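Heads up: the protein sequence lines correspond to chains A and L, in order.
Under our numbering, residue 1956 is the last one in the first sequence; the count climbs by one each step, no gaps.
Under our numbering, residue 1956 is the last one in the second sequence; the count climbs by one each step, no gaps.
To be clear, the hints were calculated from the coordinates, so they are not data collected in a lab.
Some hints here could point you the wrong way.
All copies of an identical chain are treated as equivalent in the list; a pair is satisfied when it fits inside any one copy or across any two copies.
[Claimed, not checked] Pairs of lysine to any residue residues, derived as SDA-like cross-links and limited to a Cα-Cα distance of at most 20 Å, are as follows: (1) Lys1300 x Thr1383; (2) Lys1929 x Trp1230; (3) Lys1455 x Thr1629; (4) Lys1523 x Thr1383; (5) Lys1405 x Arg1805; (6) Lys1405 x Ser1436; (7) Lys1841 x Val1770; (8) Lys1841 x Pro1781; (9) Lys1420 x Tyr1442; (10) Lys1300 x Thr1270; (11) Lys1300 x Arg1268; (12) Lys1407 x Thr1490; (13) Lys1405 x Arg1392; (14) Lys1498 x Trp1508; (15) Lys1841 x Val1784; (16) Lys1420 x Glu1284; (17) Lys1941 x Val1952.
Since we're looking at a predicted model, the values are computed, not measured.
2 protein chains.
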Amino acid sequence: MLRNTFNNEIASLLAEDNWLLAQEEYDRQENLNWESRFGLVSGYMSSRGSEICATSRPTLPATYIHGIFDRSEAFMRELANMPDWAKLKVYVNRQPIGVETEGLEDYLRALDMKNGLLASHYTVSDASGARIRVESLKLLSRAHPQCGLIRLYLTPLDGDAHFELENLIDGTVANFIDYPRFRTRHFEITENGKGKLGVYMECHTRDFKTPVGIGACVEGEGISSRAIKPYGEVACEFFDLHAKKGQTVRVDKFAAIATGRDTDGVKWRVTRLLEEVTTRGADAEIKMHIDKYQELWRMADLEIEGDDKMQKAMRFNIFHLMSTPNPYDDRVNIGPKLMHGEEYGGHAYWDTELFCLPFFTWVFPKIARNLVNYRGHLLDAARRNARDNGYLGAKYPWESADTGDEECPSWSVEYDGTCTRCYVADYEHHVTSAVAFGLVDYVRVTGDRSLFEEFGLELLLETARFWSSRMVWSDKKQAYEILQVTGPDEWHEPVDNNYYTNRMAVWNIHTAVDELKAMQKSRPDLAAAICQKIALTDDEINLWLDRAAKIYLPDTTGVIEQFEGYFDIPDAVITQWDDKAMPIMPESCVGKERKDHPILKQADVVMLMKLLPDELSLEVQRLNYDYYEKRTLHRSSLSPSAHAQVGVQLGLDERAYQYLERSSYVDIDNNQRNLREGLHAASIGGTWQAIVMGYCGMHLDKEGELAFSPKLPEQWSKVRFRINWRGKDKLVTIEDNKATVSDLA
Amino acid sequence: MLRNTFNNEIASLLAEDNWLLAQEEYDRQENLNWESRFGLVSGYMSSRGSEICATSRPTLPATYIHGIFDRSEAFMRELANMPDWAKLKVYVNRQPIGVETEGLEDYLRALDMKNGLLASHYTVSDASGARIRVESLKLLSRAHPQCGLIRLYLTPLDGDAHFELENLIDGTVANFIDYPRFRTRHFEITENGKGKLGVYMECHTRDFKTPVGIGACVEGEGISSRAIKPYGEVACEFFDLHAKKGQTVRVDKFAAIATGRDTDGVKWRVTRLLEEVTTRGADAEIKMHIDKYQELWRMADLEIEGDDKMQKAMRFNIFHLMSTPNPYDDRVNIGPKLMHGEEYGGHAYWDTELFCLPFFTWVFPKIARNLVNYRGHLLDAARRNARDNGYLGAKYPWESADTGDEECPSWSVEYDGTCTRCYVADYEHHVTSAVAFGLVDYVRVTGDRSLFEEFGLELLLETARFWSSRMVWSDKKQAYEILQVTGPDEWHEPVDNNYYTNRMAVWNIHTAVDELKAMQKSRPDLAAAICQKIALTDDEINLWLDRAAKIYLPDTTGVIEQFEGYFDIPDAVITQWDDKAMPIMPESCVGKERKDHPILKQADVVMLMKLLPDELSLEVQRLNYDYYEKRTLHRSSLSPSAHAQVGVQLGLDERAYQYLERSSYVDIDNNQRNLREGLHAASIGGTWQAIVMGYCGMHLDKEGELAFSPKLPEQWSKVRFRINWRGKDKLVTIEDNKATVSDLA
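My request is simple: use the sequences and hints to build the entire structure.
Structure, rendered in structure tokens:
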């Protein structure tokens, strides 16, 4: 058991090995990847898994706080990397001690996914060759999500030792600090010095001047010579600790963060939080934190018997996904990298509704409601976005931060400094139907129709209105067209009449009208008020329906043309795969412009099959799956999970399972090779769907009742998972390809 | 020839190998030592030899500016480590390139002592394995001492490369940054952004608010995408450079510094300096810089034929010593570590007058005059210091910064945080006679009696007055005593009647009275005015002379008792030496308090023999040398050079030569093991004296005329050096133990 390699205090807290993700060797090349894997999120804030003693390199420490965005010189408002409290520097004989110190031995870091703890130990030698044992525990409290805690244990093995320590808050961080072309500092430090307890740093974001206060204090038997010694942009409390040979000394570091989003008095709030957490004490806080994780896992666990690797990977995936959203704030969302890295600015994409949201809808409906509410709060911004682009209704931005403005930049800058016009925001409109789809799915699963009454119906109608306004009549085709869009496959942009986009536009209009009719029956007063508010008349509704009925759609009896003209592109199919079983671009396509070859970045027609599985016959679905699979490079981490989920439901077991592995292990194995920038939220959520909706076949039947069509892989003897079904916690067991639903204890 | 391993542009500038100090292997353990050895000083400012691409570690970059002191939370006003302009970061494929990058090969750094250039080259591999050649040249312009220049050459060896670069001014530095107990930030940044040329950072010291402006700009063919991107406390100009395979691209970085000590408009001045240096261009600046070093070496070179190691070491020593003082500013001095490290705060100690000053007095008398003037400017502070300690006259502080206040702290803090009362400032009074001695030596050698008229006589009289007031009458001894002092040997403190201190007090009084009498003859008006200014009467002068006559001095016919009671300490002698031929503390003394054993830290009686060689007969000197050598541990780097100089003049050739080696190689070999904190100024100056005054026997005879008593080591066939003798540049050649003095071409 790995936990037995720790001291008793840590060992008594850690879970058994199958709940631990362990890094057993320190490898500088892998540092940034482990920092992503070992990132912790309290629901309020995150802290990447940088080494506590801060001697590793390269390192990209990151502290993100939900809703704290800033643009400054960046291309977009992005989650601001805030001062890093998660550092405790240790010096022995004037030398900093850490993983890069000479004589590193017995290195282990382990993420305890059951209890939400990051534990580490190693032994290093000081300048005189005397060995020092360093052990640590880190957590971001689930019980008090604005608080973090580090326990550091130091043991001199070969003689007495004197330790000099620094309790730091490091304000020298920036976004993209190691990428100077994009490096942006998103805050200004306004105070750096002494707090009522320990050190205190206050800053504000540069654009909106949102204040953020960070306090940190240390406790430990034998601490002496405390001195507050801020310097530059580093808050620092210096202190001494003696230890006799073989004696373990412990330091507890408590940190607390508050922002102007929570309180008018951030320093007052930080002080109170620190007073409270230190009064409770570290032992109590750890216990409360672990209890909270037990509550989470009671609902979130997905047990797979017969496949230990998949089991651990899914717990890893679920751990990070469930830890990230803020249960107490419905004005924030989830970024594509969760809060574990700096790519994509922490923005809400379609990834939220179509990949991440279903997990929460089924397992944590209150969090799902928050994520849906986020879009509701930004409905006015979406209306503004539609108007500014010449459309009616509400058009959700491709990338959404706090304001709801479009954050997707119009220019991308290449590594060599060349600028390329980026058309994603201009053309990739299908996010708007995704927002509507996620909302409707949430209501259908949870039965929480109050959402429609609050803002949901209005959102559905306004997005339907957008799609109607997005269509143009073609005399030639005698049909409505959606021209110049980018579908899910971003390598063909822009195209006309992308099947996915057109079909989802129709879905959006029909669903909006259906739900309006339903409310006209159940709450006619409210339905009328909503129509009045948005000046919606029956004439306009009829116009939408007419357009939806007359929209151009390709022939769907055979292979469906992804967009108009796709079949005219000289064909090519994938015939080679790399050592990670990833498809390789066909020779004939290499060097061509993307628009001139048929290869897809990611699932497009197959993505529609995932969302609307009853739209096409299974035969047609298989035909299309076969066709597009041969032409899809899966360069987006969103693609494999869709292929897994659709594949297994089509009976394509072996191929589906390859995609499931690829998707489930995306961060464990770093198979997209960009783990340093954070985890892959959509892949994580999509994998959960692939198992639960795909392999376990959970779905709503035509009456909206819970139904299952399980098809477990041979090597899986049993799968168990939990859902909240219409307000009740249920345990679902899939065994012998039969589903049993029982009340959850 | 090492220079031939560089590209043609660098090779054409570098000297032959015997003028180069080369680091041929990159070794992380040795980084901080090489940073000291490779520190450059323009006379105005210094820059330690940190790697330009800033990837080495550990690293202690330092930028000191003469006269820019600050105390803040430190124990004393110390030279403030200012923002570091000497960095140019390079990224290839998003990875910083530098000495810690994978695949380091062909590493070489070489200090060209002839031309004042620091050159380096190495090859590293980028993330893809493609090799990049990096070459650089750094200088702090001797022609325009407020300007620095870096030339960086980049050559991709295996394919085209795109470089992302950053022209940085790093304001995150602090004094003792890696020693948190003492870490102090001495400035506040008041501006960080764009200059008229490139980036500009302005800060001020924290106590006195002295403004310091630093500007830096880059030039180079092909530079594109320039963007000023300050973040936090780092000024940053980002830019791109492309290079084809095998093509070398060059970047010239120019930097300029101005302070409130020079100008009321630091930003204006920095802008002008940058405009001027970029208008001249790097080639012209390098040429002017090298020409200036040729001028310096014309006077400063010390040629030793027959001993290449000693030759190189002496050029290394002289290079750093002559480069450090400011030729244009007589309110600044020289610190014990020169400007190459952070120990001792850059303060003037007795090291200046007795160890460093003679080199300048003989070789660069204008600089010597500046160093002496520094004490003159601080005469009022010395009077204040005497008064505050209950004495009359002028008492110079043991450690002197810009204000002349005593900067030697009353408490020292040990590694484990314990505080010890430090009595050095209370008891070590002999610095006052050293100041007088250096001044008088300067006048006697240079003949510049104007010094006496300006402030020198007043200084002599006031220091004499201090010594008189420092004495107390002993009825028992029927003599005046100086009680409770520390002599040069700091391991016995405090003691009564330290022979060195008492004897130098007498010297100070006699010399002051002699020079007053001389001026009463040559300039009676001025002599009277001086006496009137300091209210000095004949009665008081007689009192001084009476005290000097009646001071307690030990028996000087045999072994002289270092201080009263020294002979009562249980005796012990050194019988063992370590592998570096350094004496080892006798067993019987280990664990004893220093006052309870007879072992000396450094030359004390021998030091007096160095200063007043005619005071004692050669026989008595040999007796004392023998006696004290056996009891001296040379734990101060000041000690070996004194033993070398005195030893050779006493005919103790072999022993003297060991001390000479130890002293001359102190920084080349790091034999005091504290090179990381800077070079050893007193050892450097003392070694020059040991060779020139000791081995070459240069001295003033009784008539004050130039005289020589050479005793070259056997392996030296010839020594040549240059002096300025009463205004004329002379070449002194020592060969066959005869001296020839000729006019210097």
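Quick rundown of the hints versus the structure:
no.: 1; hint: Lys1300 x Thr1383; result: both (15 Å within a copy, 17 Å between copies)
no.: 2; hint: Lys1929 x Trp1230; result: within (18 Å within a copy, 78 Å between copies)
no.: 3; hint: Lys1455 x Thr1629; result: between (59 Å within a copy, 17 Å between copies)
no.: 4; hint: Lys1523 x Thr1383; result: neither (36 Å within a copy, 43 Å between copies)
no.: 5; hint: Lys1405 x Arg1805; result: neither (57 Å within a copy, 41 Å between copies)
no.: 6; hint: Lys1405 x Ser1436; result: within (15 Å within a copy, 42 Å between copies)
no.: 7; hint: Lys1841 x Val1770; result: within (13 Å within a copy, 100 Å between copies)
no.: 8; hint: Lys1841 x Pro1781; result: within (14 Å within a copy, 95 Å between copies)
no.: 9; hint: Lys1420 x Tyr1442; result: between (23 Å within a copy, 17 Å between copies)
no.: 10; hint: Lys1300 x Thr1270; result: both (15 Å within a copy, 17 Å between copies)
no.: 11; hint: Lys1300 x Arg1268; result: both (15 Å within a copy, 16 Å between copies)
no.: 12; hint: Lys1407 x Thr1490; result: within (14 Å within a copy, 54 Å between copies)
no.: 13; hint: Lys1405 x Arg1392; result: between (35 Å within a copy, 17 Å between copies)
no.: 14; hint: Lys1498 x Trp1508; result: within (15 Å within a copy, 72 Å between copies)
no.: 15; hint: Lys1841 x Val1784; result: within (5 Å within a copy, 90 Å between copies)
no.: 16; hint: Lys1420 x Glu1284; result: within (15 Å within a copy, 31 Å between copies)
no.: 17; hint: Lys1941 x Val1952; result: within (6 Å within a copy, 105 Å between copies)
Of the hints listed earlier, those the structure fails to meet are numbers 4 and 5, in rising order.
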